[in-house]
Structure formats: structure tokens, C-alpha cells
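> Residue strings, one per chain:
6 protein chains.
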Amino acid sequence: MIDSVSDELRAKVLVDALPYIQNYTNKVIVIKYGGSAMGDDSVKVDVMRDVVLLSLIGIKVVLVHGGGPEINDMLKKVGIQSKFINGLRYTDEPTMEVVQMVLAGKVNKDLVSLLGQCNGKAIGLCGVDGMMIKAEKLQSEQDLGLVGEITSINTEPILDALNNGYIPVIATIGVSEDATMYNINADTAAAKIAAALGAENLILLTDTRGLLRDKDDEETLIPVVNVSEVPKLVKEGIVSGGMIPKVECCVEAVRRGVKRSFIIDGRINHSILIEMLSHEGIGTMFL
Amino acid sequence: MIDSVSDELRAKVLVDALPYIQNYTNKVIVIKYGGSAMGDDSVKVDVMRDVVLLSLIGIKVVLVHGGGPEINDMLKKVGIQSKFINGLRYTDEPTMEVVQMVLAGKVNKDLVSLLGQCNGKAIGLCGVDGMMIKAEKLQSEQDLGLVGEITSINTEPILDALNNGYIPVIATIGVSEDATMYNINADTAAAKIAAALGAENLILLTDTRGLLRDKDDEETLIPVVNVSEVPKLVKEGIVSGGMIPKVECCVEAVRRGVKRSFIIDGRINHSILIEMLSHEGIGTMFL
Amino acid sequence: MIDSVSDELRAKVLVDALPYIQNYTNKVIVIKYGGSAMGDDSVKVDVMRDVVLLSLIGIKVVLVHGGGPEINDMLKKVGIQSKFINGLRYTDEPTMEVVQMVLAGKVNKDLVSLLGQCNGKAIGLCGVDGMMIKAEKLQSEQDLGLVGEITSINTEPILDALNNGYIPVIATIGVSEDATMYNINADTAAAKIAAALGAENLILLTDTRGLLRDKDDEETLIPVVNVSEVPKLVKEGIVSGGMIPKVECCVEAVRRGVKRSFIIDGRINHSILIEMLSHEGIGTMFL
Amino acid sequence: MIDSVSDELRAKVLVDALPYIQNYTNKVIVIKYGGSAMGDDSVKVDVMRDVVLLSLIGIKVVLVHGGGPEINDMLKKVGIQSKFINGLRYTDEPTMEVVQMVLAGKVNKDLVSLLGQCNGKAIGLCGVDGMMIKAEKLQSEQDLGLVGEITSINTEPILDALNNGYIPVIATIGVSEDATMYNINADTAAAKIAAALGAENLILLTDTRGLLRDKDDEETLIPVVNVSEVPKLVKEGIVSGGMIPKVECCVEAVRRGVKRSFIIDGRINHSILIEMLSHEGIGTMFL
Amino acid sequence: MIDSVSDELRAKVLVDALPYIQNYTNKVIVIKYGGSAMGDDSVKVDVMRDVVLLSLIGIKVVLVHGGGPEINDMLKKVGIQSKFINGLRYTDEPTMEVVQMVLAGKVNKDLVSLLGQCNGKAIGLCGVDGMMIKAEKLQSEQDLGLVGEITSINTEPILDALNNGYIPVIATIGVSEDATMYNINADTAAAKIAAALGAENLILLTDTRGLLRDKDDEETLIPVVNVSEVPKLVKEGIVSGGMIPKVECCVEAVRRGVKRSFIIDGRINHSILIEMLSHEGIGTMFL
Amino acid sequence: MIDSVSDELRAKVLVDALPYIQNYTNKVIVIKYGGSAMGDDSVKVDVMRDVVLLSLIGIKVVLVHGGGPEINDMLKKVGIQSKFINGLRYTDEPTMEVVQMVLAGKVNKDLVSLLGQCNGKAIGLCGVDGMMIKAEKLQSEQDLGLVGEITSINTEPILDALNNGYIPVIATIGVSEDATMYNINADTAAAKIAAALGAENLILLTDTRGLLRDKDDEETLIPVVNVSEVPKLVKEGIVSGGMIPKVECCVEAVRRGVKRSFIIDGRINHSILIEMLSHEGIGTMFL
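Residue numbers (the working numbering), protein chains in the order written: chain A, 1 to 287; chain B, 1 to 287; chain C, 1 to 287; chain D, 1 to 287; chain E, 1 to 287; chain F, 1 to 287.
Calculated from the structure, these hints are not laboratory results.
Take every hint as true, because none was put in to throw you off.
Note that the list lumps identical chains together, so a pair holds whenever it fits in one copy or between two copies.
SDA-like, lysine to any residue: derived pairs with alpha carbons at most 20 Å apart:
#1 12 to 43
#2 27 to 196
#3 12 to 119
#4 12 to 265
#5 215 to 37
#6 121 to 58
#7 44 to 8
#8 235 to 221
#9 121 to 153
#10 121 to 179
#11 77 to 96
#12 121 to 20
#13 12 to 40
Whenever a hint applies, use it, and build me the whole structure from the sequences.
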């Protein structure tokens with residue numbers, strides 16, 4: 001029974017967290033949240049509470065989010081058929097309009113509002129604000145419409161928000177020089193933002209335990225991966241399917257200066273806190 | 001022919017603007033833009049260019065917008081019937097979801113993007129960001145659903161944005177203590193924000209020339225109204241219909257410390273510049 | 001078994017602490033530590049770890065200490081007979097020399113060193129530094145020698161230390177205009193310092209559970225006392241003996257603007273954390 | 001008829017100026033004014049109004065001036081015969097006293113006063129203030145008395161003035177280590193000051209249209225000159241006479257890091273504004 | 001023999017100055033220098049050295065100067081007849097031009113240059129710079145031409161200079177709203193500037209020992225005068241002639257908040273240092 | 001007779017000090033004081049007065065002290081036998097406790113108090129504060145107990161104190177990673193601190209005139225020594241005995257970037273002032 005936590009135990013837990021808190025003070029942490037990991041409202045509130053706690057103890061948290069399921073819902077409502085090519089959503093103009101509205105207007109502001117409810121001081125941004133995420137059309141064999149590729153990150157609006165004490169919550173809409181909006185993959189955006197900020201950590205909250213040696217057995221979780229081992233893991237098929245782009249983001253972030261990247265399970269209550277403020281991680285760490 | 005503007009003339013115009021520029025330096029100006037005044041894209045770009053110009057010459061411009069027509073379009077697309085009670089949109093939850101998405105995700109970010117294209121440095125906010133617009137359910141005879149009434153304005157996020165050199169663009173979504181989102185009238189929000197900021201001017205961009213003595217004759221424009229004359233003008237029927245709430249916003253802003261309020265015609269090219277940087281105003285000024 | 005604390009439990013404890021952390025962020029807390037509450041080294045390290053934790057999560061902790069037992073030890077070593085009058089140490093010049101050396105040179109620097117070992121950034125001060133504690137001879141029926149009474153607190157050195165990120169550790173030596181050093185009661189000094197700083201809390205770490213209705217029964221702890229009730233409690237004999245001056249300090253601090261004063265048990269592990277970061281206090285709170 | 005400028009036209013002109021304003025924001029522009037270009041009082045007021053306008057829209061304007069005609073007038077009044085050697089004024093001590101008084105006491109303060117009248121915030125300096133222009137005797141075949149040569153520019157007083165929001169107005173008196181005052185050519189001083197400040201532009205206001213291919217035909221104005229072409233232009237006699245030192249100043253400034261130098265006609269109303277804030281320049285630009 | 005000053009003596013003098021230095025640190029001192037007190041160059045250098053010394057030890061010195069004798073010389077050179085009405089110079093336009101040139105261009109810049117030679121960091125200003133001394137025509141029975149009366153002091157340019165570490169040297173030219181320059185009495189200007197700055201001291205350097213009970217006997221120096229005694233001293237004829245306006249300035253300054261005013265002898269070497277940094281004053285102090 | 005110092009002479013002395021003051025403004029000077037040089041109270045007050053004077057005229061003074069005689073006294077009182085090995089005090093734990101108390105609690109705070117009495121703003125620190133002096137056990141042939149060797153200096157607490165306007169007074173206790181306190185030679189600590197701060201000067205106040213060619217004849221004082229000459233002076237026996245470690249400190253400081261080191265006589269009144277603010281030094285300067 002959790003309610004009977006003794007005072008002594010409470011104190012021990014707080015004190016155990018001390019070295020981790022010291023380690024992260026004033027460091028930037030980029031957390032990617034969204035997709036199927038976002039789950040229902042009670043989990044969402046828990047994640048937001050973790051984010052507020054981290055921010056209160058002096059960590060500069062940047063929250064990057066996607067919103068696939070919400071986009072699908074809305075597309076259905078307006079009668080647009082979702083179409084995927086190699087796992088990427090084909091994005092024509094009417095689709096892009098919905099993507100923009102849902103990400104920047106719905107998911108983003110809902111998260112900001114939840115953070116506010118937890119007494120966090122948050123601000124919602126998308127790539128258009130302060131021209132933060134510059135993008136251009138993603139070149140690919142098959143035309144993907146308004147799917148974009150990041151050309152540069154302008155960290156100024158993020159740093160302004162952090163310096164004024166806000167938790168920046170970022171919807172990954174990109175914008176080109178000619179003001180065309182692009183649909184940007186949120187994992188990739190989080191990795192690029194983490195790299196541009198020289199973040200300490202990039203944390204991808206997903207709906208899996210992390211990288212599993214046998215993807216059907218959570219007991220085979222690989223706790224630590226050196227980025228140099230990744231090609232071998234891909235070859236062996238251990239990194240496969242939807243895990244490939246996530247691992248690539250982790251690797252790219254580390255290669256560009258982020259100290260550590262993590263793939264952890266967003267469905268587990270307080271997985272971020274556990275990963276960051278306790279001895280044992282609960283997902284896979286890339287370094 | 002405009003293209004043949006002589007150099008001499010160009011210089012004269014710029015120099016004529018000098019005293020107005022001096023007068024407004026570092027002052028806060030709140031501009032309400034939206035609704036039918038927003039018009040087509042070319043007018044919109046012109047308005048944004050004016051905003052950037054004002055901001056460049058040292059004026060702190062805050063842009064507040066509504067988005068009625070865009071909301072109507074989107075409601076139609078998702079098959080929700082718009083319903084108005086005494087000119088206010090009955091807002092049930094599905095409607096509110098659309099209102100939020102369209103205002104904070106579509107209109108807001110489109111304006112920010114346009115400002116960026118004009119080399120303005122803008123940031124899009126809504127009342128949820130930094131808990132800026134606190135609201136509660138509007139009490140009225142007939143239930144209006146999630147139509148809200150502002151209980152307080154937290155100017156901190158707006159001032160942070162201005163101090164960091166951004167043009168804040170504000171979607172008028174309000175939020176209650178329990179994180180319910182409310183649909184807020186944009187004119188009212190602009191007036192309250194102007195008052196809270198101690199703004200120099202409040203400018204309502206509308207689709208009329210201003211306050212007309214005879215509403216069918218633009219030649220009867222009343223250029224200046226002292227707020228103390230307003231009750232008489234209402235009684236005489238000169239302020240009537242949709243003009244009533246707009247005039248009330250102008251009056252309230254002046255009563256709460258804004259120096260001057262203006263109702264001007266947003267459809268006229270560069271009407272803001274003309275009103276602010278030249279000798280003769282083109283709309284109605286309340287003081 | 002504490003070691004088997006589950007991750008879930010850990011996270012819950014941290015999250016439960018969130019509202020308390022939010023409440024204390026950037027507030028000043030004065031903790032009086034010393035005397036018999038100081039106990040052995042392992043307890044001391046625990047207290048110091050709590051102080052560092054509080055400081056890391058954004059609370060401005062000021063540590064005020066006494067050192068009676070250490071003074072007694074040293075006086076014995078140099079062959080000076082301790083002499084008490086009404087519970088106050090008669091302090092002739094040779095005694096004062098020892099008091100100064102032990103407090104400012106031994107106890108103070110040992111605590112600073114312990115804080116440093118816990119990765120805290122601390123600085124040791126006494127009332128002479130920056131002329132922080134101005135004092136004069138305490139007037140009393142029987143001459144007490146160099147026992148002093150505080151005439152004013154100069155908060156500048158404390159605020160300078162806090163603003164530069166240090167935990168100020170203060171030995172309660174006072175100094176007069178003519179540079180005479182005075183022996184100052186540490187509880188009184190802590191109360192005056194808390195009042196001068198406009199502190200949120202004053203916490204006296206003692207060797208009792210708090211104020212007990214029946215001083216031999218810890219079960220009769222009075223958790224909350226309104227300062228207006230104190231005279232009655234004195235009259236009833238519930239506040240008596242060595243408790244009287246401690247309670248008086250708590251009352252004076254609250255009267256001069258400190259929000260809450262606490263008498264808690266320094267011998268209990270992490271009693272400060274439990275009192276400040278959890279739902280139930282463990283000592284007596286005065287407000 | 002200028003007075004009938006339509007509102008539409010006014011707005012167009014302002015908006016057309018937008019990209020130029022954006023381009024110059026926070027940049028330093030050094031304007032050399034004086035000599036025969038200074039003309040009568042009404043032209044002077046026009047130039048000052050242009051300077052104030054540029055300063056108001058965020059450009060950091062530094063005004064450097066000479067004052068040959070005023071010096072001649074004053075020398076005449078005190079009965080000193082002006083004597084020129086190779087176009088440079090032979091400057092004995094009584095002459096230098098007059099030069100100093102007229103430049104630093106008369107022309108300088110008159111310009112500051114005019115700027116003040118146009119609501120500009122200006123401050124008059126000469127090379128002695130803050131030891132800004134260090135100079136020594138100019139070595140030449142024939143002794144020129146107290147004609148000086150700049151040895152170094154101390155930009156501190158200029159930057160202090162700019163950072164405090166003043167338009168610095170600079171009389172080109174130089175001073176040696178032993179406090180001897182020297183008469184310094186204003187064009188040269190302007191070029192050196194522009195280079196030392198890393199200015200964006202150096203603008204020499206003269207009494208000619210710019211560099212003319214045929215000096216008697218204003219239609220042969222050369223709008224743009226690359227500094228590498230100058231030797232050829234000198235050889236061809238296109239740069240000749242009094243134009244040689246002016247062109248040399250422009251070239252030197254560009255060589256030392258100033259982006260562009262201009263020779264424009266100070267007698268034309270608002271020539272600075274036209275050159276800086278419109279599409280077509282009206283003089284000769286060196287880059 | 002001064003050269004044989006022993007080390008011991010040197011040190012004693014410096015240490016004796018300590019309490020005076022402590023007393024004046026960061027205080028503003030206005031020194032009026034000029035007229036017959038200015039004397040020859042060697043005395044001038046000595047005064048400037050004193051000013052630099054005071055400024056180096058942390059005193060904020062403002063130097064205000066006149067220049068009567070230099071103006072007379074120049075007027076003679078240009079053939080203008082000086083004309084005095086009740087001790088005030090009748091100032092027609094040609095005279096004013098000379099006054100401006102001599103004060104702001106000659107005396108002012110010579111003093112700045114001398115301070116620079118003593119390694120002081122000085123800046124020369126007149127009332128036109130930053131519109132510092134606002135003035136209007138002095139009303140008097142007989143027309144005095146451009147003799148002005150101060151209507152307000154704008155302390156901003158003086159404070160900007162002090163804050164940037166300069167010694168401001170001020171020529172007392174005033175300016176009206178319509179940019180007319182006025183000839184302002186330097187003693188009066190110094191008193192008004194001292195009052196506007198809330199200066200600690202106003203020091204008038206004159207060519208007398210101070211206020212003498214018998215004006216022909218320096219032994220009758222009155223060392224201290226309470227401003228309330230002045231009317232009696234005037235009545236008794238002890239304050240008379242040219243001493244009246246000087247004493248009035250001292251009184252006005254004290255009445256408007258300056259702590260102490262002094263009339264001391266500028267012809268005595270280092271009289272400022274002696275007055276300010278030693279036990280015994282050498283002139284008359286008003287308080 | 002000193003009391004009859006004429007005003008003229010006073011002023012001359014102050015003015016003579018001007019170039020030295022200018023030279024040292026904002027520079028850091030480390031003064032080592034202590035041991036037999038510390039002498040009686042009246043000399044001590046004189047030295048403190050000099051330190052306050054230097055600090056008031058803008059020099060950043062850091063005072064480092066030892067306290068051998070006071071330690072001896074205290075050890076005697078507690079009945080510990082002092083034991084020296086090669087001139088270094090064998091320091092067992094009980095001895096170290098006394099060393100710490102006397103240095104950090106007695107000598108340090110007494111000096112701070114004396115500085116306060118002279119109206120100086122001082123703060124007493126030891127190597128433990130802010131973990132300033134990191135040390136480890138000194139390795140030597142014979143075990144010396146807790147005699148330590150500096151491994152690094154953390155200048156942050158010293159710079160924080162200087163930037164907040166305090167005179168830092170430093171007791172040379174070192175501390176290891178495991179919180180063991182070490183007894184550190186004060187001369188060595190002063191040299192390392194001076195080097196770490198990039199000080200202008202290191203001044204060792206001793207009880208000799210400086211380096212003497214014949215140690216029994218003060219007339220043979222060597223006023224200036226180039227550090228490259230030192231080995232020769234050692235070989236010749238001119239640097240010998242207790243002078244060797246002092247000279248080594250001076251040499252090491254210069255080698256590591258301190259401009260000049262001095263050995264001067266602390267028993268002579270105001271020797272620091274004489275050395276620093278006058279033409280002729282009174283001890284030996286190393287450069």
C-alpha cells in the first residue's frame with residue numbers, strides 16, 4: 001500500500017535523488033512525447049507532473065510533441081483519407097491544414113494547459129514562432145506532398161522561453177522561406193532541437209520498454225547501447241521496423257553533441273523521473 | 001501613377017511621419033484584427049507589413065485576432081451546425097475543440113508566418129500560454145456553453161515576448177482554473193489586454209469606415225468621440241447593432257487607462273499606418 | 001526493507017513533494033542547528049544532506065548554529081571552569097576567546113566542510129563578517145561578562161552569499177562598535193536573522209519532538225500553535241523550562257513577519273525534509 | 001503639388017522603406033557634413049531632420065562635421081589672413097585657437113541644438129573629449145603648423161554616447177599626448193571613425209551630385225564604383241581635383257571594413273533619406 | 001624643504017585622509033571654477049590634478065566653469081565693446097556668438113584636454129548637449145539681450161557621463177525651446193546643477209579666501225556660516241558687493257538639498273584637496 | 001614634528017600619490033600578513049588602516065594571514081607540545097584542531113573585526129569556504145601529519161567577495177576531497193592565490209627590511225631582484241635560512257604571472273602605503 005509510505009522512506013527517496021538533481025541542475029533536457037505513448041488523460045497528467053517537477057528542481061525541460069492519433073481522428077471527421085507511404089503520411093494541402101491545426105492548436109495547447117494546471121509555467125510554440133524550425137520539402141522517390149525536412153533550427157525562441165522561466169512545448173510544424181508550412185517528424189525534430197541546444201539528454205517517450213533483444217520479451221531489454229554498436233544491432237535485426245527511425249534519432253543526437261539519448265516507456269507511470277532521478281534506468285540509454 | 005513617386009515626395013512623406021514616430025516610440029499599441037476585416041490574403045499581407053513597420057520603428061505592437069469566418073468554414077467541414085444566441089456563438093465541447101484548433105492552430109500561426117515572411121519576429125500565443133487569459137463561464141440568460149468571460153489578464157507572457165523583441169500574436173482562448181478552455185470575444189479580449197498593458201492605443205480593425213452618423217453614408221464619419229458622449233450617441237441610435245459592442249470595448253479601454261481607442265477600416269490598404277503616422281486619421285477616435 | 005523501494009514508490013514520493021517544492025521556491029528558510037540536537041557525525045551528515053537538497057531545489061537556506069557542547073569541551077581542555085547564571089554562560093575574556101574560536105573556527109568550518117562534501121556550495125560567516133551582527137553588552141541583574149544582545153542585523157553579507165549561490169553558515173558571534181566580540185544566543189540570533197530577512201520559515205532543530213502537552217509523553221505533541229495562545233500555554237506550565245526561550249524565539253519571529261516557525265526534532269533522520277516536503281509535519285508549528 | 005499627397009501614397013512610401021529600415025536596424029552610419037554642403041539654415045534643418053529620423057528608426061547615426069566657411073568668417077573678424085598650402089590651411093597658434101572655437105564651440109553646438117529642436121537627443125564632442133582623436137603633427141614638405149594627422153581613434157566616447165541613446169556630433173579637433181590641439185581634415189576623420197566603429201556606411205555629404213564621368217554634366221553620374229577601379233578612374237582623370245581626397249576617404253573606409261561609402265549631394269533635400277531608404281541611390285556608392 | 005618629505009610623513013598624510021575619502025565615496029561634488037580664480041596655466045594644472053585625484057578615489061566630480069576674462073579677450077579681438085549692466089554683461093547676438101565659442105569651444109575643451117593630460121577621463125558638455133540647461137530670457141528692468149535664466153536642469157547627460165566614468169566639464173550655455181542660446185551665470189548654474197543632482201557639496205573656487213568679517217583682513221575669515229545667519233550678515237554689510245551673488249548661490253544650493261557649500265580660494269595650491277581631505281577647512285563653509 | 005604638517009605639504013603628498021593610484025586602480029593585490037610581522041595591536045591597526053585605504057582608492061586587496069605565535073600560545077594552553085621538523089610544524093589531529101580554531105576562528109575574525117573598525121567592509125574566509133583551497137597531505141621524508149600541500153585554488157569565493165565590495169581575509173586552512181583539513185603554509189598559499197587571481201602584486205609583510213646582502217646590515221638592502229638572479233643569490237648564501245622559502249614564494253608568483261612580488265618590513269609603520277604609493281620602495285622587489 002503506497003499510502004502508508006513512512007516518513008523515513010519518503011526522506012530516503014528524496015535524499016537518494018540528490019546526486020541526480022545536482023547532476024542535472026541548469027542542464028537542458030529535451031523530451032519527445034506523443035503518438036501512442038501519449039495514452040489517456042491520467043497518464044498524460046502524470047507525465048506533465050514529472051515535467052513540472054524536473055523544471056522546478058532546476059532542469060531546463062523542453063517538451064517536443066507529435067500527435068498522430070489526434071490527426072487521424074480529425075482527418076476522419078473532415079472526411080480526408082489518411083495515406084501513408086513508407087510509414088510517412090502523404091500530406092496534401094487540406095491534410096497539412098488539419099495537421100497544423102491539430103498539432104499547434106489542439107495537442108500543443110492542451111499540453112500547455114495541463115502543465116499550467118500542475119502549476120508549471122509553460123508556453124506553446126511551433127516551428128513558425130520566431131521562425132524556429134526552417135524546413136523544405138523532403139526529397140523522396142515518391143512524392144510526399146508537404147512532408148518537410150529540417151534545414152536549420154533557430155534556438156533563440158526556445159532559449160528566450162527557458163530564460164524567462166517557461167517550459168517550451170513545441171509542435172513540430174516547419175516553415176520554409178516562402179512561408180509554406182511543412183509536416184515534420186517529431187522524433188527527428190526533437191533530435192535536431194536537442195543537438196542545436198547542446199542538450200544533456202534526449203528522451204524519447206515511446207510505447208515500448210526500450211530496445212529489446214527479442215522484441216516479444218521485455219526481459220531482454222538492452223539497458224545501454226554505445227552508438228558505435230548500432231550498425232551491428234541493425235544488421236542483426238535487433239533494431240528493426242518502427243524502432244529504426246527512433247534509434248537513428250538517438251544516434252544522431254549523440255553524434256551531434258547530446259550526452260545521452262534514451263528510449264523509455266511513456267506508459268509506465270513516472271518513467272522519466274525514474275530514469276533521471278534514480279540509480280537504475282528503466283529503458284535503453286544511447287551514449 | 002504611384003510608381004512615379006518622386007524622390008522628393010518620398011522623403012517628404014518619411015519626414016512628415018517623424019513627429020508621429022517620435023510620439024509612439026516604445027509605446028504599446030494593441031491592434032485587434034480579424035473577422036470580416038481580415039479579408040483576402042493580399043490585404044492580410046499589407047496589414048502584416050504595417051505591423052512590422054510599426055514594430056521596426058520602435059513601437060511595441062501586440063496583435064490580437066479572432067477568426068469567425070475560418071471557424072465557420074471548419075465547423076461546416078466537420079458537420080457541426082453553427083448556432084448563435086444574441087450574436088454569440090453557442091459553444092458546446094465539439095465546437096470549442098474546433099474554435100481552439102482554428103484560432104490557436106490555424107489563424108494564429110498563419111499570421112505569425114506572414115509576419116515572419118515580412119521579416120518580422122513574431123510569436124503566437126493563446127490565453128493558455130503562461131496562463132495569460134484567465135476566464136470563467138459567461139453568465140447569461142440563455143446558456144451559451146463554453147463562451148467565457150475574462151476574469152484576469154496575466155501580462156507577463158506578453159511583456160516577456162515584447163522585451164525579447166517579438167511581436168506577440170494572441171488567439172483569444174481563455175482558460176479556467178480547472179483547465180477548461182473558453183471561447184472569448186476577441187474585441188473584448190483586445191480591450192482588456194490593452195488596459196492591462198497600459199497601452200497607448202487600442203485599434204479595432206473593422207469592415208466599416210468607423211462610426212457613421214448615417215450608417216449608409218461614409219461621408220458622415222465621426223472622426224473624434226469623447227467617451228462621455230457615447231451614451232447620448234447610443235440613445236440617438238447612432239451607435240447601434242454590431243457597432244455597440246465595438247464602441248463599448250473602445251470606451252472601456254479608455255476608461256481603464258488606454259489613451260486612445262480607434263475603430264478604423266481594415267479593408268483600406270495601410271489604414272493603420274495612415275491613422276498612426278499621418279496628420280489626418282481615417283476612422284473614429286475615442287478619447 | 002528500505003532497499004527494496006520500488007521505482008513506482010520512488011516516483012510517487014518525488015511527485016508528492018511537488019506542491020511543497022513549488023511553495024518554497026526562492027523563499028528564505030532559516031534553520032537553527034546546534035547544541036545537543038547536533039548529535040554525532042552521521043546525523044550531522046544527514047542534516048547537511050537535507051540542507052543541500054533544499055538548496056538545490058531552489059530554496060534559499062540559511063544555517064545558523066551554536067556549539068555549546070564543543071565550547072564546554074574546549075574550555076575544559078584549557079582549564080576554564082564553565083559558569084552558568086540563569087542558564088546563560090558567564091563569559092569573561094578568556095572564555096569569550098574560546099567561544100569565538102570554537103564557534104567561528106571549529107563548528108562553523110566543520111559544517112561548511114560537511115556541506116562541501118555533500119556537493120553543497122557553502123560559506124562560513126560570523127557576526128563580524130561584513131559587520132553582520134551588531135551587539136552590545138546584555139544588561140541583566142547579575143553581570144554576565146561578554147554575553148551580548150543583538151542591536152541590529154545587517155542582512156547584506158547574507159544576501160550577497162545567497163545571491164552568489166552559497167549556503168550561508170552563521171556562527172553567532174556579535175560585535176560592538178568598538179570591536180568587542182560578544183557571545184550571542186544562537187536561537188535568538190536565528191530568530192532575528194529570520195525576521196530581518198523576511199524569511200518564510202524559521203526552523204529550530206532541537207532534541208525534543210516539539211512542544212508536548214505532557215513533557216514526558218511524546219504522544220501529546222501539539223502540532224500547531226497560534227502565537228496568540230502562547231501566554232496561556234506558559235501560564236498552564238506547558239511551555240516551561242528550556243522550552244520557554246525557544247518558544248519565545250518562534251513567537252518573536254512570527255510577530256516580526258516570518259510566516260511560520262517550527263520546533264522539530266533534529267535527532268530524527270531527515271526531520272527537516274519531512275517537515276517541509278510532506279503532508280504531515282513532525283514537530284510543532286507556530287503561526 | 002506635394003500637399004495633396006494621398007493617404008494611399010503616404011502609406012506606400014512608408015512601406016517601401018521597410019526593407020531598407022530592416023537592413024539598417026542597429027547598424028552604425030557615419031555621416032560627414034560640412035563645408036559648402038552645409039548651406040543655409042533651411043537645408044541644415046532638413047539634414048538634421050533626416051538624421052533624427054534615421055536615429056528614431058533604430059539606426060546608430062554618428063555625425064562628423066567640418067566648418068571651413070565659418071572658420072574663414074571668424075578669421076576675417078579677428079583679422080587673421082587665411083593661408084592655404086596644397087589645399088590645406090596653414091594653421092599657426094592664433095588660427096588654431098579660432099579653428100577650435102568655431103568647430104567645437106560654434107558649428108558643433110549649433111548642430112546639436114538643431115537636432116534637439118527636431119527632438120533628437122544629441123551630444124557634441126570633439127577629439128579632446130575622452131581623448132577620442134589622438135593626433136600628431138602632419139609631416140609634409142612645407143610646414144603646415146598645427147595641421148594634424150590621426151594616430152588613433154578611441155571609440156569609447158562614441159560608443160558610450162550611442163549606447164546611452166545620443167546622436168554623437170563630432171568636431172574634428174585632434175589632440176596629442178602633450179595636449180597640443182590639431183586641425184584635422186573632417187573627411188579623413190569621418191573615414192577613420194567609420195572604420196574604427198566598423199560602420200555599415202560612410203556618407204560624405206558634398207556639394208556635387210557624386211562622381212561624374214564628365215564633371216560638367218550631372219547626367220554622367222557614376223552610381224557604383226568598386227574600390228578596385230579607383231586607380232584607373234584617377235588615371236583617366238575622372239577622379240580629379242577636390243574629388244581626389246574625398247574618393248580616397250571612401251576607398252580607405254571600405255578597405256578597412258566599412259561596407260559601403262557614399263558621396264552624395266547635401267544640397268538636395270533629404271538626399272540621405274533617399275539614398276538610404278529607397279531603391280535608387282542618388283549619388284555614387286563605393287564598395 | 002618639501003622634497004625631503006619623509007616616508008613616515010607621507011604615510012601619515014595619506015592615512016589622515018582616510019576618513020574624508022570614506023565619507024565622500026560615490027558622492028557627487030560640483031566644483032565651480034573660472035573667472036579670475038582660474039589664474040595661470042600652472043595653477044590650472046594643479047586644480048585639474050586635484051579633480052582627477054578626487055575622481056580616482058571614487059568621488060563623482062562635476063566641473064562647471066565660466067570664462068569671463070577669455071570672453072573679454074576675444075570680444076576685444078573681434079572689436080566688440082563689452083558693456084555691463086548691474087554687473088551682468090549685455091549680450092547682443094554677436095556677443096552671444098563669441099560667448100558660446102569661447103566657453104563651449106575654447107575654455108571647456110582646454111579644461112577637458114588638461115584633465116586628459118593628468119590621465120583623467122573627461123568629457124566637455126554645454127547646456128545644449130542633451131538639452132541639459134533649459135533657459136529663457138532673464139527678465140530685468142533694463143534689457144540684457146541674451147542673458148538667460150535657467151528654467152530647468154536635465155540631469156540625464158551629466159549622470160550618463162558620470163556613470164560611464166567621465167568627469168563632466170560643463171560650459172554654462174543655456175538653450176530655449178526655440179533653440180536660442182543664452183548666456184548663463186556660471187555660479188548660478190553650478191548651484192542649480194548641484195541641487196538637481198542632490199550633490200553632497202558645491203564648491204565655488206574664487207579669488208578670495210572666503211567670507212571675511214573685515215574684507216581687508218584675511219585673518220577675519222568666517223569658517224562656518226549657517227544659511228539662516230546670512231540675512232543678518234548681509235544687513236551688517238559683511239556680505240556685500242560681488243560676494244552677494246556667490247553667497248546667494250551657496251545658500252540656494254543648501255536650501256535645495258546640497259549638504260554643504262563652500263567658498264574657497266582657487267589661487268591657493270590644492271585648496272580643494274585641503275578643504276575636502278583634511279581636518280581644517282581653508283575657506284567658508286555654508287550649511 | 002608631524003602634527004605641524006602644513007596644508008601645502010599634505011596636498012603635495014596626496015598629489016604625488018596620484019600616478020600610483022592610477023596605476024593600481026582595479027588591480028588585485030595579495031598581501032600576506034602574519035607571524036612575527038604581525039606584532040602588537042597598534043601596528044596591526046596601522047596595517048589594517050593601510051589595507052582599507054588601498055581598498056577605498058579602488059585597489060582590490062586580498063589579505064592572507066598565518067598565525068604561528070597565536071597557535072603556539074593556544075597549544076601551550078591546551079597542553080600540546082609543539083614539534084617542528086625542518087621548520088614545519090608536525091600536525092597531528094589535536095594540533096590541527098587547534099590550528100583550525102586559532103586561524104579561522106581567532107586570527108581571521110580579529111582581523112576582519114579590526115578592518116570593520118576602520119570602516120572597511122571585510123569578510124573572513126578559510127580554504128573550506130566554497131572549497132577554495134583544495135589540498136592533500138604533503139609528501140615528505142619524515143611524516144608531518146596533517147601538513148598539506150595545495151592542489152588547486154578555486155578563485156570563485158574570492159572573486160565573489162571582491163565583486164561584492166568586500167576585502168577577503170583568508171585563513172590558510174586547506175581541505176581534501178574527503179573533508180580532511182590541512183595546515184597550509186601561509187606564504188605558499190598567498191603566492192598560489194596571487195597566481196590564480198592573476199594579481200598585480202604579491203606583498204609579503206615580514207619582520208626584516210627585505211633581502212639584505214649582509215644580513216646584519218640593513219644598509220645593504222637589495223631593492224630590486226630579477227627572478228633569474230635568484231639561483232645565484234642562493235648559491236652566494238645571500239638568500240639563506242628562513243629567507244629561502246619566502247624568496248621562493250616571490251619567485252613562483254612572478255613565474256606564474258604576478259607582475260611583481262615584494263618582501264617588505266611589516267613592523268615599519270605604513271610600509272605598504274610607502275611601497276605602493278610613493279616613488280621609492282622600502283623593501284625588496286622581485287620581477
